[in-house]
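Enquirer: So you can see what is in the structure, the chains are spelled out below.
Number of protein chains: 8
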Amino acid sequence: MDIHRLKALLAQVADGSTPVDTAATQLQRLSHEDIEYAHIDHHRSLRKGFPEVIFGAGKTAEQIIGIMQRMAEQESVILVTRIDADKAAAVHAAIPDCRYHEDARMIIMQQSPLPDTGRGTIMVVSAGTSDIPVAQEAALTARAMGHTVETVFDVGVAGLHRLMAHHGKLGTATVIIVVAGMEGALPSVVAGLVAAPVIAVPTSVGYGVSLGGLTALFGMLSSCSSNVAVVNIDNGFGAGYMAAAINRRPE
Amino acid sequence: MDIHRLKALLAQVADGSTPVDTAATQLQRLSHEDIEYAHIDHHRSLRKGFPEVIFGAGKTAEQIIGIMQRMAEQESVILVTRIDADKAAAVHAAIPDCRYHEDARMIIMQQSPLPDTGRGTIMVVSAGTSDIPVAQEAALTARAMGHTVETVFDVGVAGLHRLMAHHGKLGTATVIIVVAGMEGALPSVVAGLVAAPVIAVPTSVGYGVSLGGLTALFGMLSSCSSNVAVVNIDNGFGAGYMAAAINRRPE
Amino acid sequence: MDIHRLKALLAQVADGSTPVDTAATQLQRLSHEDIEYAHIDHHRSLRKGFPEVIFGAGKTAEQIIGIMQRMAEQESVILVTRIDADKAAAVHAAIPDCRYHEDARMIIMQQSPLPDTGRGTIMVVSAGTSDIPVAQEAALTARAMGHTVETVFDVGVAGLHRLMAHHGKLGTATVIIVVAGMEGALPSVVAGLVAAPVIAVPTSVGYGVSLGGLTALFGMLSSCSSNVAVVNIDNGFGAGYMAAAINRRPE
Amino acid sequence: MDIHRLKALLAQVADGSTPVDTAATQLQRLSHEDIEYAHIDHHRSLRKGFPEVIFGAGKTAEQIIGIMQRMAEQESVILVTRIDADKAAAVHAAIPDCRYHEDARMIIMQQSPLPDTGRGTIMVVSAGTSDIPVAQEAALTARAMGHTVETVFDVGVAGLHRLMAHHGKLGTATVIIVVAGMEGALPSVVAGLVAAPVIAVPTSVGYGVSLGGLTALFGMLSSCSSNVAVVNIDNGFGAGYMAAAINRRPE
Amino acid sequence: MDIHRLKALLAQVADGSTPVDTAATQLQRLSHEDIEYAHIDHHRSLRKGFPEVIFGAGKTAEQIIGIMQRMAEQESVILVTRIDADKAAAVHAAIPDCRYHEDARMIIMQQSPLPDTGRGTIMVVSAGTSDIPVAQEAALTARAMGHTVETVFDVGVAGLHRLMAHHGKLGTATVIIVVAGMEGALPSVVAGLVAAPVIAVPTSVGYGVSLGGLTALFGMLSSCSSNVAVVNIDNGFGAGYMAAAINRRPE
Amino acid sequence: MDIHRLKALLAQVADGSTPVDTAATQLQRLSHEDIEYAHIDHHRSLRKGFPEVIFGAGKTAEQIIGIMQRMAEQESVILVTRIDADKAAAVHAAIPDCRYHEDARMIIMQQSPLPDTGRGTIMVVSAGTSDIPVAQEAALTARAMGHTVETVFDVGVAGLHRLMAHHGKLGTATVIIVVAGMEGALPSVVAGLVAAPVIAVPTSVGYGVSLGGLTALFGMLSSCSSNVAVVNIDNGFGAGYMAAAINRRPE
Amino acid sequence: MDIHRLKALLAQVADGSTPVDTAATQLQRLSHEDIEYAHIDHHRSLRKGFPEVIFGAGKTAEQIIGIMQRMAEQESVILVTRIDADKAAAVHAAIPDCRYHEDARMIIMQQSPLPDTGRGTIMVVSAGTSDIPVAQEAALTARAMGHTVETVFDVGVAGLHRLMAHHGKLGTATVIIVVAGMEGALPSVVAGLVAAPVIAVPTSVGYGVSLGGLTALFGMLSSCSSNVAVVNIDNGFGAGYMAAAINRRPE
Amino acid sequence: MDIHRLKALLAQVADGSTPVDTAATQLQRLSHEDIEYAHIDHHRSLRKGFPEVIFGAGKTAEQIIGIMQRMAEQESVILVTRIDADKAAAVHAAIPDCRYHEDARMIIMQQSPLPDTGRGTIMVVSAGTSDIPVAQEAALTARAMGHTVETVFDVGVAGLHRLMAHHGKLGTATVIIVVAGMEGALPSVVAGLVAAPVIAVPTSVGYGVSLGGLTALFGMLSSCSSNVAVVNIDNGFGAGYMAAAINRRPE
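Chains as they are written, first to last, in the numbering used here: chain C, 88 to 338; chain G, 88 to 338; chain V, 88 to 338; chain E, 88 to 338; chain R, 88 to 338; chain H, 88 to 338; chain B, 88 to 338; chain A, 88 to 338.
Just chain C, same shape as in the assembly (with noise of 0.2 Å):
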């Protein structure tokens, strides 16, 4: 339960359009809810600001189901990442107020819109088009938190050009997630060229000693540039989660 639902359901305490014994029940969730397989951190929004988000990887749809329900009663958007297609299905049968985005492999379910909450716009950048399903995720996580997102992919330090086509762009951004797999060479350049903090994102794209992507990543936590730090390989979600994180405006 975030800042802003809290508020209002104390206020229709206080004007009486909602019972005592109502809120009380809400409320005594509020620090976690236990079910058979889960600890619900429903105490997460206020806390954080954004609630709980459901890896979907090594869960039953069933366990997904179970988790989302006992949050959409307090929450305005859930978070699913790492669900695969037939999961997913039936997640969206038992729960159909909700939408899978196939190549990111993410369920979102927006129970009302976002205000937005950033500082500025957040850049997603990709090296490769094989690149672009984990600049979705990110791009994706970082709009359902309630910020600004543009991306440009396929520009790879190969034809430096068409990265350079983009300079302008990429200056004015308050973050900037660069996504690449192989050497993982284009956070390097990127932050480079500007003052903000770069978000690298290694990928699994490439073969043979890219090492499912530790090369990548290696590479760029050995960046040369400094204004960079890095996430975990295919790890979109962590990136946008992070971008939004530095993009936040204070209240």
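Accuracy of the hints is not assured; some may be wrong.
As the list claims (entries may be wrong) - Here are the simulated SDA-like cross-link-like pairs (lysine to any residue), alpha carbons at most 25 Å apart as the crow flies: (1) Lys94/G x Glu120/G; (2) Lys256/A x Asp121/B; (3) Lys256/E x Arg336/E; (4) Lys256/C x His91/G; (5) Lys256/H x Val239/H; (6) Lys94/C x Thr259/G; (7) Lys256/H x Leu133/B; (8) Lys256/H x Ser118/B; (9) Lys256/B x Gly136/H; (10) Lys94/B x Gln113/B; (11) Lys256/V x Gly233/V; (12) Lys94/H x Gln198/H; (13) Lys94/R x Arg230/R; (14) Lys256/V x Gly136/E; (15) Lys256/C x Ser118/H; (16) Lys94/V x Gln197/V; (17) Lys256/R x Arg230/R; (18) Lys256/E x Tyr124/A; (19) Lys94/B x Gly258/H; (20) Lys256/C x Tyr124/H; (21) Lys94/V x His130/V; (22) Lys256/V x Arg336/V; (23) Lys256/A x Ile90/R; (24) Lys256/G x Ala282/G; (25) Lys256/C x Arg134/G; (26) Lys94/V x Gln113/V; (27) Lys256/B x His119/G; (28) Lys256/G x Leu93/C; (29) Lys94/C x Gly255/G; (30) Lys256/R x Gln115/V.
It is worth saying that the hints were derived from the structure and are not from the lab.
Following the hints, put chains G, V, E, R, H, B and A in place on chain C, whose structure we already have.
Expert: What follows is chains G, V, E, R, H, B and A alone, placed relative to chain C:
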């Protein structure tokens, strides 16, 4: 040359206090300056808001001195990282107007005071006493870049109440740098408590399967908290720089 | 053959209810029994208090059935680990008197109830919902070995208050098994709160640099808490077995 | 401050032998004490039955001395691990009332004798002569924590009859610590002989593919015996501590 | 073409039973024969006492058939390794005069019986039931090369008495092949009991840190017994071949 | 657009056969063309002498078709690498004027014959039959780029006389590509025989410690012959491209 | 002995200036010369156009001197690589007619000037000042082999305009050697700008996940530019040798 | 105590030259002898034909001396491996009757000449001059165990004709030890030429991706020749021991 120095120089030309030839000589090196062993990127301050930083490892004292002397003509603050005490003594002998920080293995040469350029406070938290040198490198870097920094040391997860004693302060920081070796669990815990972005710095403190910091690094990248991004092992400098980029007040 | 069965058999010989020849036949296999593809260690129950456990991976259903049938003549309880649903169905068809636990991928054949053999309660704690199958394998193993087990699931370090709600119960356990994937931070935190020994089980839950559980494993081995020892990745069985060995009441 | 010291202090307050103010000063540091470079966790003895242990690596002699002096006011026994001879000499000069064990690289400061707190005997077994320093670290730790310890050294698997000569003794231990480098096979063999829990400690003894102990570690984690759990490479201290936690007599 | 076939052919030329032209055609391929996708090394039997062995992985059934057909004109025995059941069926359809061993994934085509060429008995020992396929590959190879082989399966170190039951037999073997997965401890124990050379074969049996057999491999290479040499993971074929080379009776 | 096509277009403008507007439309895409999922680098032919090559892995058939259609308007030859048979069938259905090479997993679309652009012959040598697909990818690439290529397959170091039969031919090549899996020893041997540059290509052929080609790769990089440079595992395409760059006749 | 020296020797025999016996003595060592600790390959100059190069690491000064003295009788130029200053001093004392290059750790003994044997200019580019020693090793090697070499140092990707200032020169080189540590991104960028072959040399400059140069190496092998091949970490010598092989003018 | 010494002792008892008590004292230590830091396995000579060998690394000089003194009473020959010059000097001072081989880092104490116990000649071949110390360790070991050994050094694959000059000798050896660093290709080539078993020894000679010998090791394990088995990196001792086990003449 940063934007303030550049404007000041042009003002001096405008009012005649600096002859055109003198200014031209200085400005023709604005892009970069070639010396035998380096292409010094004098343009970086303009482009990125902070001058090139000298990576001390693998350079001779002579090379470091040479680069610092050229930079000193153009920049207000010069940083040298990863420089051991012997080389630092040689540098200090040649350039007395700089200070060596032994624990952080940094030289800082501050030719003029920097204005506070931050949106808020940067907090630096370390898990153990043995992690302090890396935490100091982060704090010194961010301060040298014009930011307000607070530090809390030795609050590892084996005794959580020590961290909790600083809970309030953590909630007010704009960015938090968390420095930890061994299992590297502290960033997950800290990030779980706050909405602000967390820059995690793994250290090489530990032995056996701590693998020189790889275990802490991988743990931080695999964090179950999402407002976390990571820099290279023992890279306190990079964490301080990234935190400064995030905390920078728009002009 | 465990010590109770052995004594019972000898008592039957003493009172004449079992003929000497029948007993002799059974006892001559007491050391180990040779079948084409296995040397079944029937002596293990006497030596170690619990019979050999069948590692299902890499064995055919026929081999598993053959070994179980020989063991069933001597042992009260038989465990098969790491057996997938298809093989389990074939085993169940041949030996209906056993039960398959699909999430834990175990077969348990309990021919007679075991007395409680423990000094206290074994607690099994998991960091996430996706870690439950491994946690179940641990709990099932310890229960099959005659111990009282309690479970708490999904109390990861990103929301510490969920764990703290179970603080009291943790303090009373004789042994605690902590199951976690990703960064594997939970055992350090739990062990920091209690004096009891903690068996940490890394899981392969995660992606990218979680490296199939190696990161959680190395994190647990590098724990800054000292009352922690670790078993192999996803080795819920081993954790349950080790916890039972620790919790065993001296006879 | 452990529970005995705490009760004694309160008794002194009760009988007037300690003034209220004196006791209050001491008790206000009960949670943790802040010094410049450390948050000393004085609460740990109460919570875990044994005070914080000082990890010597990466700390200066001055830091170690400072922490020991604060702890000495509250604790009966203080351990410093992984401290080399030079630093130990500096510590000893400042705090003569402590003893350095050079092979185990430990300082032990025992201010008052500890009662035997164990349920039985802890046995420490090493595979080779070169593994003795790690085995000694384990034995010293468990003894410092108030347990009875027996040691058997150099009984590696290349000459099994040497181990078998101690078979009887092994069968009576409550916990067995097995220390081995190279292929690390000894814990599997020992655990196959007994019902007691085995704590396996890999050492960095070996060369080439022993990989600094990783091979022994992985071998121990892959053990075909199930009553085995493992600690970090060369972590004799952790093995001794874990064995003590297992062997602790309930109060 | 081996030395026996070569002499027989020349004898036939000498007695006129084979025309010179026929013999010449065959002998001109004695060095190697070029087909589109292979240079078949027909000289190998002469040089090494055994013909080239076909590595089935990565070859099409057509390629395997083509190579076998050329070899069949020159060699008494042909081996194909690492060939799955589907490809083997296609090969068998084209060349009915060969036999597929499914557990060992080998095809053996024995055109004429081989004389016993060994100095003594080769013993093949496996640690577990799951290791049998690799052990069978070793046994089949050595037998196909004309050696006497005995096998003992499932005598792992967790129950040493099972191995000890075969102590006598082990002492009489000329060479011992020991096959083991998981921690790979069995070769050290076996080699500690005998003077004969031991060929250790690590298998990929295990999970987690068994790392697909790397842990067993490294353990065997780090063996504290010295009469041990090692072959690649799951390389039963290589172990059988090497054992045959060792056991070969000088002519 | 390569330099020949560019000159032809300008000549058509000069002689009036192409209207200025038509040419202008085409030339304004000369730098790069933006489509939804790609920035196609049409300038690459001019800059590098060969157009962008499409990395098929991770792209949908639709994306590949879209990129090929845009490129077909500007380029004489288009390559798609790492494309499996299913996707290739979809591409072929949409663009019939291209050919799929199944073993090399490449699509080649050759709109007009290329002149021979080489200084001499490129030789492609493979160690085993299983390495042929990678060798074919190298040969097809270099031929598509306008070079003369000869191939020799299955001449591994276990039967050196097979390689020696081609010694003369090796001595006359301008560049030699050597493709090998397993221990990857062939490039060292070939490079020891000739003065020409050798491009070594490790393949993933092998098992166990061949580690998916890493062992061959590291062996080749550690070669005791010095006229060797290496490309990524299974990167036949890169080897062919690099050989073509070396063999390119100056214009 | 290279082809020029060989022809000269034969000419002297032809005109009687060298007696037959003297020439015979020298020619009988043409294949290789056996000394106690080495088989010197005197045939290599004839076969490969350049004599054997002495790998200094792991050899004693005495061994190096002994080999050099034998080679000096046959070769015009002798190279020793990876020789530290102490050994080099001992060599220089015994063979004053050679020169030690300390930064590149090479000894070069040039007995007669070499003719320019190249087709064009070899360019050596380094990313950072710390990479210069490796770049110098490459440049010295290629020059010693008779090629024209130009160098550009410290043009890393964090400030692309520095590299772009040399764009023209890069376009005219026959081969480009690119030396870089850390993330190793420079070769991709350089190769994206030119059609010439690029030899990439990873260096061990960096820390943490630069992993002693593995990250730069893997990045270069995963390059999204295709005209790149790679040599071992810090192998400036190999890069210089390979570049010379590529640039060699046909005779 | 080996079988010869044992028989001699019993003969002395039989003829009265040794009193029963003296013999009894010695024989009661026949199994193993316990000293403070070692269980000396005096039974090993009887069981394995050669006494325990002392692994010098990680032992103090005092421990080595103590063990040697006990062994000297029972054994004809004593070996200490991996002992550096300083410790060796201390040992030599205490036990003058032994010899230190500095390049092989071994001490050999030969109390009486050994009879030749071999079936034929063991050949030791090294790829480079830098590999000689490991090759010497192998040769010294096999000679100390009573075998005839021949050596050929520096015949690496970059100049095959050097190896071919010894082709005849290779064909007559009973066992061949091949020692090589870098890419480790020599064992494959040698094994391809002969029928005898080849023991391959990888060395740590090399740099960068030679990874301290892992690359040579993995290459040797992946050898395309089948009569090859491998020992640990730099383990010349193990290779010599294994070769002796293979070459041992049956009694």
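Enquirer: Hints the structure violates: just list their numbers, smallest first.
Expert: none
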